[in-house]
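Peer 1: Add 46 to a position in the sequence shown, counting from 1, and you land on the number used in my numbering.
Certain hints may be false.
[Said to hold, decoys possible] Estimated spans, in silico, between C-beta atoms of each pair:
1. ALA72 - GLN110: 19 to 25 Å
2. LYS114 - VAL58: 26 to 32 Å
3. MET57 - HIS109: 25 to 31 Å
4. LYS114 - ASN62: 28 to 34 Å
5. MET111 - MET57: 39 to 45 Å
6. LEU66 - HIS109: 44 to 50 Å
Simulated from the structure, these hints should not be mistaken for laboratory data.
These figures come from a predicted structure and were not determined experimentally.
Glycine is no exception: its CB is placed at the ideal position from the N, C-alpha and C atoms.
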Amino acid sequence: MWVGCHKEQTMVFWNNLKDLVLEDKANVLCSDANSSKTGRINSAITFLRQHKDQEMTYFPSRHQMHEKVLRSVFEHGLSQVTSNPDVERNI
């Protein structure tokens, strides 16, 4: 289910890395939300991992990272389960 332009853009990127002899030096590849269009299995990250012998580090989109940071803040700050106040009792 490749969207043609995504595969072509990925190949141009990979070929540029090879032309510049940088394919062995590319350790981190940051991905934005484009994989939501092609899916996790058919994303550019997966395609590049197939062409590269060593493992590449994957960073989720900035929105996913924001969600993880917020979750961590709330889990750390609110270590116990909170409940709604008993409004009827206070009336």
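Peer 1: Could you run down the list of hints and mark each one as holding or not?
Peer 2: Tested hints:
Between ALA72 and GLN110 the CB atoms are about 22 Å apart, so this pair conforms to the stated range of 19 to 25 Å. In this structure the hint that LYS114 and VAL58 lie 26 to 32 Å apart at CB holds, the actual value being about 31 Å. In this structure the supplied range 25 to 31 Å holds for MET57 paired with HIS109, their Cβ-Cβ distance being about 27 Å. Here the CB-CB span from LYS114 to ASN62 is close to 31 Å, well matched to the stated 28 to 34 Å.
MET111 and MET57 have their C-beta atoms about 27 Å apart, which leaves the hinted 39 to 45 Å range violated. Distance hint check: the CB atoms of LEU66 and HIS109 are about 31 Å apart, inconsistent with the given range 44 to 50 Å.
Violated hints for the displayed structure, listed by number in ascending order: 5 and 6.
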